[in-house]
Each structure stands twice: as structure tokens, then as C-alpha cells.
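Using the hints, position chain B against chain A.
Here the protein sequences come in this chain order: A and B. No gaps in the numbering here: position 8 of the first sequence is 8 in the working numbering, and each next residue is one more. For any residue, its number in the working numbering is found by taking its place in the second sequence, counting from 1, and adding 291.
To be clear, the hints were calculated from the coordinates, so they are not data collected in a lab.
These stretches of chain A come out as covered by chain B in the derived footprint (C-beta under 8 Å, 3 or more residues):
| id | segment |
| --- | --- |
| 1 | 165-173 |
| 2 | 280-286 |
Which residues of chain A face chain B? A few of them, derived with a C-beta cut under 7 Å, are:
| id | residue |
| --- | --- |
| 3 | I31 |
| 4 | E194 |
| 5 | R195 |
| 6 | E215 |
| 7 | K218 |
The C-beta atom is built at its ideal place from N, Cα and C for all residues, glycine as well.
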Amino acid sequence: MNVIELLGMERSFGDHKVLRGIDFSIAEGSITGLLGVNGTGKTTLINCVMGLLKADAGTCSVYGEDAWQASVAVRQRIGFVPQVFDGFEWMTVRQILDYTGAFYESWDPAFVNELVALFDLPDESKVVSLSVGMKQRVSIVLALGHRPRLLVLDEPVAALDPVGRRAFIELLLEMNRNENRTILFSTHITSDIERVAARVAILKDGEVKLHSDLEDLKQSYCRVHLHSHNGVERYLEGLTGCVRKEIRQHSARLTVQGLDPAWRRGLEDSPDVQIDVEDLNLDEIFVELNS
Amino acid sequence: MTDKADISFHISTTSGIPIFRQLVDQVTRLVACQQLKEGDLMPSVNEVSRQLAVNPMTISRAYNLLTEQGVLERQRGIGMRVAANAAKSLAERLRMIDPKIDELLTQAEQLGIDRQTVIEYLKSRENAR
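Chain A extracted, bound-state conformation (with noise of 0.2 Å):
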């Protein structure tokens, strides 16, 4: 089954439609990263999800439930990470770890003792005194405390310094691989997305360009680079899957999806032109596919 279900979604602020119609599910047990550039509807797809939005049209299902009309058993089941936490200043770190706990009937007061041993936090200190990164782990326990089936996180790591995010992801993958834990997040730091995520969202123009499994991903896309002094336009024939090409006269710049074996071999074999091949990495792939 899947855990959440999107089809044809949309949202609106005022006139602007900032999602429109997306088309996305997630898997039990699964990791997604969620990519976008700023002002694409990451947080506006997250909320929705997490019910906090109402999607204008289309379907927004969650466990099953409409997510919007979710009932406490299903949101039990949820652990969210919002990109901005804030309020509750004046309560003391251990304060709101045992209000929130209050509200949770699986809180489990061993493990969130655990991480706010791992993530080093002044149980004793109020929230108002934290700097931006200590407060984003505060965050993080926050959500983590009712040991969640489901996982939702906006952009979890971005206020985290690199021992703090690799402490991080080292967290997600024991809970997905110990518990089969769904875990959804956006990001913009590609190389967290490499390391733990097995599949991949790109959002873009208000709809989900791209579902895929990241290594395959990675796998489909290359940049073919072809110099030649007799001019490169005739090498382009019977190219197929060109997603993007620079031409000059004596050279071109070429990014393609799945790259046609036989096609590269004949230039390959060919005296007059020379041809290389490079490898993209996720950050170059979502840079080609926003350009």
C-alpha cells in the first residue's frame, strides 16, 4: 500500500497556482528525496500532505485518509520536521520534549533521552536562547519522539553543521532499516539526497517532472562532448534522448538521457570527431533539468 498518495493535486494562493496537478506516491518503507528551486511548492506539497494546507482539487491521501480530515490515529503515525520552528520560547528544551510527549500515546521517553544525547542538546535551556541549528534538533527529536511510522521533513538539515547532519542521516537510515520506516524530505544539499535516498522527486512548474530510483537516475543521464574541426552539426544525426544541446562550430555540449550505445561507438570510431563522455551527478542532473 502505498503511504501517501497524491493525484492531480492542486493549491492556490490567491492567483497563483503553485501546484498544479501532481501526480506522486510513496511507497512503504521507501526514502525519497524531494528537490526543487526555491519557490516551487516543496513546502506547499508538504503541507498539504501533513494536512496543514487544504489541496484546492485533486486527491491528498495519506494512510489511506484524506489528509486534510486525517484522523488522530493516522496522525499518530506521522513525525514532521517544519522548515521553521518556532514558538514555545519560553519553555526550557526537557519542557517541550515532555509537552509534546503528553500528546503522543507511543512516546517513548528512553529513546528521545537517547537523542537529545546524540544530538547534544541543553536539555535545561530555554528555547529562546538556542542558536537556529540547536533549535532545528530540537525540531527533529520533537518528531522523532513517538518513534513515527511515517516521517515528513522540510528541509531537515539545512540549518545543521556537517557533524550534525551526518549524525543525521546516520539516524534515518537505522530507522528505515531497523523499522522500515517511510521517510519523505526536501532538501537542497544533493549529496545528503545521494547517500540516503533510494528514490528521487523533482518538482517543477507546479508538477512532479520526475519520480525515479536515484541510481538509475544517475545512470541515465550523461554529458556528451563532441570537437571536431570539420564542424559537429552531421554527428548529430540519429541522436535520440537529447535533453539539451549547445552547439558552436567546432564543438558542442550535449546532456542526454540514456545515451545510445551504438550512436557513441560509431563517433567513437570515427576519425574526424572526438567524443567524451562524463558521468552527471545528482546536482548536475537537477541543474540540467531547471536550465
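What follows is chain B alone, placed relative to chain A:
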């Protein structure tokens, strides 16, 4: 009884080469040169996932591919072992460096270096080492 293989995998998350491919290449090389021997027990998927902080699905994928290629074999209840006859003959190992040689020859050609000069240069390098 053979030992558990002591492997330190390394990956690059900024490389364009998928992580499972990087792992497959590392194991294949270690087996080809017999740093990993027939019957050696591989670290489990979870162990490698923990060591590298990488999604376990990615590690499984590498192990599955290595099994398909006959480099590893799955032994029920025990784990993954280096398969019998997985070590490569000299001819097979030479074939593994074919792509690198092609690359070298192409580049030499583009730089106007003839093949004989490349061969002599390789020999001089050998003496220097």
C-alpha cells in the same frame, strides 16, 4: 571455515557514477586480484550501509548485481560469499583494463604521439618504479 572479509569500501557522493556501480567495481577488482578469496564472507548489507551511511537498498543492489555476475554467491543463513572461480585469469584481468587502454591510446593519438613511443614510455615508467 573462512574469515569474514575485511573490506573498507569507499564511495564518492559527488561522482556521477551511481553508488552501487562504485561498489560493484571495488569488489570486482578486489576479487580479480585475489585480495578477496573464494569463500570469503562479505560484510552484510546493514553493516556496509552503516559503515558508509548509505541507503541499504543501494548496497543490496550492488550485491545482487555481483551475484548475477557470478562474483558473489548467496549462502542461505550465512550471507554473501566470494564465489568459486570468481578470480580472473590474466586474460580476463587484462580485459578489465581495456577501456583505460582505449582511452590512453585515443588521447595519445590526439596529442600526436605514435603507438611505439607510448609503449617505450610505458617501459621507461616501469623501470622508474
